[in-house]
Amino acid sequence: MSAAQGFRLRLRAQPDFRVDLSPLQPAALAGRDVGEVARLELRHANAHVELGELFDVDALSSEAPELRLEGDLRRFDRIGQAMDGGCLSVTGEVGDYLGAAMRSGDIVVEGRAGHLAACEMAGGRLEVRGDIGDFAAGALPGSMDGMRGGTLVVRGNAGARFGDRMRRGTVLLLGDAGDFCASRMVAGTIALAGRVGAHCGYGMRRGTLVFGGSAPDVPATFAETSHDIRVTWALLSRSLGKLHPAFDSLAGRVPRRVVGDLAADGKGEWLIVG
Amino acid sequence: MSTIRLKGGRVYDPANGVDGETRDIGMRDGRIVALHPQEEVDHEYDVSGCVVMAGGIDLHTHIGGGKVNLARMMLPEDHRANRARDPLLELASNGCCTPGTLETGYRYAQMGYTAAFEPAMLAANARHAHMEMGDTPILDHGAYVMLGNEELFLEMLARGEDFERIRDYVGWSIDASKAMGVKVVNPGGISAFKFNQRKLDVDENHVHWQVTPRHVVHTLARALTELGVPHPLHIHASNLGVAGNIESTLATIDALDGLPGHLTHIQFHSYGKEGPKKFSSAARQLIEKVKAAPNVSIDVGQIIFGQTVTASGDTMRQFANADLGSPRKYVGGDIECDAGCGVVPFRYREQSYVNALQWAIGLEIFLLMDDPWRVVLTTDHPNGGPFTSYPHLIRLLMDKSFRDEQLARLHPDVAASVDLREIGRELSLYDIAIMTRAAPARLLGLADRGQLGVGAAADIAVYREDADREAMFATPEYVFKDGRLVARQGRLEAVPVGGTHFLETEFDPGIEKTIEQYAQRHLSVSYRNAKIGKDELCSCANGGALLACKVHGGRGGK
Amino acid sequence: MSAQAETTSGAGEQAVVRNGVSIDPTFAEAFPMKATRVLITAHNDTWARNAAVAMTGFATSVIACGCEAGIERMLSPIETPDGRPGVAVLLFSMSGKELAKQLERRVGQCVLTCPTTAVYAGLDEGEAVALGKNLRFFGDGWQISKMIDGKRYWRVPVMDGEFVAQETTAVVKAVGGGNLLLLARDTDAALAGAEAAVEAMRAVPGVIMPFPGGVVRSGSKVGSKYASLMASTNDAFCPALIPLAKKTELDAGTRCVMEIVIDGLTEADVSAAMRAGIDAIVARGGEAGVTRISAGNYGGKLGPFHFHLHKLLGAEASV
Amino acid sequence: MNAPTQTQNPDPSGSIGQDWTCPFCSLLCDGFRVESQQGGLKLVGSDCSKAVQGLASFGPVPAAPSATVDGREVSPDTALDAAAERLAASRMPLFGGLATDVGGMRQLVRLANQRGAILDHARGDTLMPVLRTLQDRGQMFSTLAEIRNRADLVVCIGTDAASNFPEFFRRCAPVDEAAFARRTVFVGASAPAGLQGEVDEVALQGDLFDAVAMLAALVDGRRLPAPDAALERLAQAMRASTYCVVVFEPGRLPAQGALITEAVLRIVMSLNRKTRAGAFMLGGADGLQTANAVTTWMSGLPLRSRVGPLGLDHDPLQYATDRLLEEEAVDLLLWVASLGPKPVPPATVLPRIVLGHPALAADCAAAGTVFIPVATPGINADGHLFRADGVVTLPLRALRDDGLPTVADIANALQARLALRRLATEGTP
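Line by line, the protein sequences are chains A, B, C and D.
So that you can map any letter, position 201 of the first sequence is 200 in numbering that gives the first Met the number 0, and since no number is skipped, the others follow by simple counting.
So that you can map any letter, position 531 of the second sequence is 530 in numbering that gives the first Met the number 0, and since no number is skipped, the others follow by simple counting.
So that you can map any letter, position 266 of the third sequence is 265 in numbering that gives the first Met the number 0, and since no number is skipped, the others follow by simple counting.
So that you can map any letter, position 61 of the fourth sequence is 60 in numbering that gives the first Met the number 0, and since no number is skipped, the others follow by simple counting.
Be careful, since some hints might not be right.
With a straight-line Cα cutoff of 20 Å, these simulated DMTMM-like cross-link-like pairs (lysine to aspartate or glutamate) come out [stated by the list, open to error]: (1) C:Lys-172 / C:Glu-266; (2) B:Lys-277 / B:Asp-253; (3) B:Lys-6 / B:Asp-41; (4) A:Lys-241 / C:Glu-78; (5) C:Lys-172 / C:Glu-126; (6) D:Lys-273 / D:Glu-231; (7) B:Lys-276 / B:Glu-246; (8) A:Lys-266 / C:Asp-139; (9) C:Lys-100 / C:Glu-166; (10) B:Lys-533 / D:Asp-18; (11) B:Lys-512 / B:Glu-154; (12) A:Lys-266 / C:Asp-234; (13) B:Lys-533 / B:Glu-503; (14) A:Lys-266 / C:Asp-159; (15) A:Lys-241 / C:Asp-148; (16) A:Lys-266 / D:Asp-219; (17) C:Lys-310 / C:Glu-12; (18) B:Lys-530 / D:Asp-18; (19) C:Lys-150 / C:Glu-166; (20) D:Lys-273 / A:Asp-264; (21) D:Lys-273 / B:Asp-322; (22) B:Lys-272 / B:Asp-418; (23) B:Lys-512 / D:Asp-18; (24) B:Lys-399 / B:Asp-369; (25) B:Lys-399 / B:Asp-467.
These aren't lab readings, by the way, just hints derived from the structure by calculation.
Everything numeric in this text was worked out from a predicted model, so none of it was measured.
Pulled out of the complex, with its shape left as it was, chain A reads as follows (with noise of 0.2 Å):
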């Protein structure tokens, strides 16, 4: 068989419990050919089991490194972790830690994510076209850094804690963010378009919510300033209308701006548009 710069992963059948897909990564792969590949262990219960025993296997066309995965994968997790290049799609549903702590390339899933997704991601660029679990762009326990660079666009809604302790890189959020959106945010940027969950901003130390969409009820551990900040938000919302057409409206606009949460640092603020 000859070695491929990508593969197409088609899902079989359910595993039995659910399976750690760190393993694949389009850049280390690449190069492999599909015997290789479908030989892959796969971490499963306490044993491991072989890729091939779950998916069927193609060799793709690609001229960079490509993963393309299809099926139902909830009961996968960890796919693209520490992704560092090439490009990784997923035509269905994904398990928990998706793109967790990835560093570079490109991960596109069309259906949901589940818990955690993007957790400690530090670059490269992550899609999301469904809806996403608790805790995306978050933390692990212990960590003190959140998602820590990259982008992160979710087209569906949020669960819980989006954003917890986040610390730089760009989020955009289309759908509706759930409970405790940004708690104890420490810097970076959550553009929403939609509505947020209650406690938004719940410990927020640093960091930026833009609000493009409904407008947020402020909480009593947030003040309003009344300052001119055209400048950043002309740096801003420029930079948001690039990333997606849902936010190229703002630069147009001028936002009100309150800082909280006094309760933790409170050098963050939100810019509330709507």
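With chain A's structure known, arrange chains B, C and D on it following the hints.
Chains B, C and D in isolation, oriented as in the chain A frame:
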């Protein structure tokens, strides 16, 4: 039991004056025996080309109890990486700074250590400490109970209670907690912090009880001497980590007034305040004092660069350092009118002026001290660095050129100016055998450990000679515990349960009335439950051997 | 920088005359420098210019100013990162370290202080040097960092709102000390010619003419009879010294000489600016009073960049 | 089955628990006695509802309850064989419940290692918020005796403390000669009757998250646009107190309660800059602290971890019992409930092995379940449990011998059987 001969190794057994002679060592029934050269044995190991020493003994390592477990819970990120392990003998256990107890036992044994002592057991947490040590496989263990900050003790001191009563109280505390010695941490300072006092010098009064650390230290040292406790009072002196604390350290030595005392992690207490950063090495001042005070022994608490966590009973100092934590987390607790605990993760950096100097001060202390019997090799695990860095530390002490290489990587102002540059001394294998086996055994009163004489316990480490001392001490060829092969070339061969060393003190049981009354009025636990019986110790310690240690004809009993 | 020791004429080469202006067969000798561009924006172009003028003040010569700086050009709102009017400023220095020092001082004292301004990197490629990186500490802990499109900005609370400064700008290798000497029949003619040349040269991107109004009258040579001075008046071009100096480059009809010094981001930028200057003089013609164009050099021994005036004239020169 | 537990007080009636430690809540009170009356157990010295209710679940006649397999009564050995067989067949077991003592937990961790099991406690949901704050920021705690001797201000947040921990205020009541007056303030909860000292209530404006956030901001001296006057006064009092203790109950925290726990830590850390303060958590029922402490010290990671031949991993979200069962991400549940008739094992289509209080027999009669009755530490077995503060460990002493094995006995026996099976199949022990 079988008979074993280690044939043809070079033996370093300082307790018996053996300095690198080639001789055979025999073992039978867990003990070292004299074997006739022709005597048939069950197993003979050819250890020519190897160095034979008694098993290592760590007399100050935080391996068990509440604060260690809190440190584990606090640092899941330090425990996520899995290493390959022997699935038959090793259970899943992880961590670098504060590994699980199982991992702790495996790692110590794999580098030739056979005993380790938890230095900071709170009386209120004693069962827990014994349980963790009981789940630390292979190693024998014991603990020093923390005294000198309990409200009852301070109250007795404040009201001028007869010394004999206090001595009985100390004897009772050792017995109740099944301790191997007594440690005092920031004498009076942990309690003072509960009364919102943020600093306590040796001759400064506790804001509430109006007693001084000098008084606390002297009283405890005297009590231990009179009780005949072999291990001198284990002292974590006042002002840990504070620039200029050499003054309080020297004053603490004076407070002993000639009574035996062991000053622990002395590196953290040997700071001057000279120089541009008002922070300097006071190693020479310290060593001058210690040389002149034969009643004093020390262990170093060497720092090792990299991530670790500091866990201490010294809440006053730990809270003061909470903002320096990296990652920025803090656990602190005021505990049961007894003591406290403070946990601060820490990352020692080569490019930090202060850390680089701390590193140099530790090494200076090791190298300037002329009597290896009074200086014990420790990193104050995990406070200065994890115990797994001992082989690295040994190489730093034995290899001047290696030391210079490390020195060159430090903060330039430190690398260019420290005394350490001028110290050419390289420790010998004999020195190392003293500092890591013979001296700690002697300081703990363990007559049959830390040595290879006939009749001693067959705790033995066999290292293959290697000019790279770090590699040599990291992976011994063979490690025997009580005559049983437990590790070979870094792989475990057996995982026996270790034994518990504890002291059997004598004291006037009349003191229990005072303690009972105090507990009823002030504490939250029945006095009866403050005492750990031998059966209970056995169950806490996971069924390991109970290694009772008699006191030295003390004057405590009636 | 305007330190010329002597003006050498190529052996046997003849001056070229264009529209009555004689162009010497000589070259301007220039040196490598380090440079950066920063963009200053403000609420309107008055305040952007105020900041830029202050920041580039007292920056005529590295000899005593630490850097040479000037306004490169005004920027329209569509050209700036934040959509406000702005100014592009260039700074040149002999070392990256000195440049960094001057940049930080000047932005700190003249831009941070100036109402409504913000400051951004004007170059993308090059070695990063602090722009807002240390100025942020003026915020006393209230400063906020913001990463936008991979660039970090600092937002420092100040009394009119917030001062936004990009964290770093880029430093590139550049060329300093390109020059033209304009020899004229009198002061009026010299000034008018120099002004026209400078105006034309300012339209060239990537260059500044750091002296007041772009013109320097104190052309200098290396060395002095006084041991403590490194440079002194360029006696060969001083009309007052025609009968006295050991050597003079002037004829009796020249009563006034002006010099234009050019620093540019690249050799091509300096060439373009010099060409624009020469063209402007030539277009006015010798009748306007600038009768001769020369240039300063050190005999080609000190600087690697040689701008031959005749080459700048291009194909026409040989005609 | 293995040797029955040694019992120190085999008296058939009368005062049998002179040094009894109560296992029915995490305060582990050791100041009461238990009397044997008509074969039942009666609390003396307190009317604690938890203890009374707990003792009532130990019937007058300790019948020797039988183990069952799929609802059929079987001999202890048969039950152990069946349990071992199901464990051996399991590729991904969950050890849940974990209501046991130190000895039981030590052996369960070892057994879990043999089979690569996930460990979660029945009250894992109440542990995770507290644990997460410890992992992310730390903790600053006080303990019962410190509160008793020092706390001039006790602030109970979102709990009356007494409903679930009836003895709490008695255990930390100031000593008679204390030189301070105790004030107790209840935020978002009603004060229980009969409290010593000054008592106040602060009603919530918004929910608990709002209240704690506002309190944190006010304690830190922040100016808020519209501060709640009662919370402002409370913050002032906290800053003025010499030793303030903030009490909360992890079991009563709403979803994402870790954010409240972390805010409480911030309040306490902030107070400690100038004065002294600590937090006290009223948590850890059903041996939660014990299970977590033992798991942590042995493995290095806390609960909701998997231990086994492939190593160790900790996953608070995935390794939650409810989720694992619902998603069938495991194929067997081993449930441990030795401290009383609760927690009841969850219903599931998966095979179950239940080591439980005899009263659980009825819940375990279904097909697919192996039920092995076990002794309760403090009633019919000795043992050790960790107190709510996680620092103090107390011995529990058997009041009587009901002939039941301990959890440790069963886990040991299962380990031995699994080792034998492995020897038979792989030739290695």
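- Restraint status (C-alpha distance of C:Lys-310 to C:Glu-12 at most 20 Å): 13 Å, holds
- Message: Would the hint linking A:Lys-241 and C:Asp-148 be met if the CA-CA limit is 20 Å?
- Response: With a Cα-Cα distance of about 10 Å, the restraint between A:Lys-241 and C:Asp-148 holds, given a limit of 20 Å.
- Item | B:Lys-530 paired with D:Asp-18 [C-alpha distance capped at 20 Å] | Within the cut-off at roughly 12 Å; holds.
- Satisfaction of hint between C:Asp-159 and A:Lys-266, Cα-Cα up to 20 Å: 18 Å, holds
- Assess, step by step, whether the Cα of B:Lys-276 is no farther than 20 Å from the Cα of B:Glu-246, and give holds or violated. Distance of about 18 Å is within 20 Å: holds.
- Query: Does B:Asp-467 lie within 20 Å of B:Lys-399 when you go C-alpha to C-alpha?
  - Reply: Given that 20 Å is the threshold and the Cα spacing comes to 12 Å, the pair holds.
- Message: D:Lys-273 and A:Asp-264 were given as a pair; does the straight-line alpha-carbon distance stay at or below 20 Å?
- Response: 18 Å, holds
- Pairwise hint evaluation, C:Glu-266 against C:Lys-172, where the allowed Cα distance is 20 Å at most: 10 Å, holds
- Item | Hinted pair A:Lys-241 and C:Glu-78, Cα distance within 20 Å | Distance ~17 Å between A:Lys-241 and C:Glu-78 Cα, so the pair holds.
- Proposed proximity, D:Asp-219 with A:Lys-266 (alpha carbon, max 20 Å): 14 Å, holds
- Message: Run the distance test for D:Lys-273 versus D:Glu-231: straight-line Cα separation, threshold 20 Å.
- Response: Holds: D:Lys-273 and D:Glu-231 sit about 18 Å apart, inside 20 Å.
- Message: Holds or violated: A:Lys-266 and C:Asp-234, Cα atoms, limit 20 Å.
- Response: With Cα atoms ~63 Å apart, A:Lys-266 and C:Asp-234 exceed 20 Å; violated.
In summary, the numbered hints that this structure violates are 2, 12.
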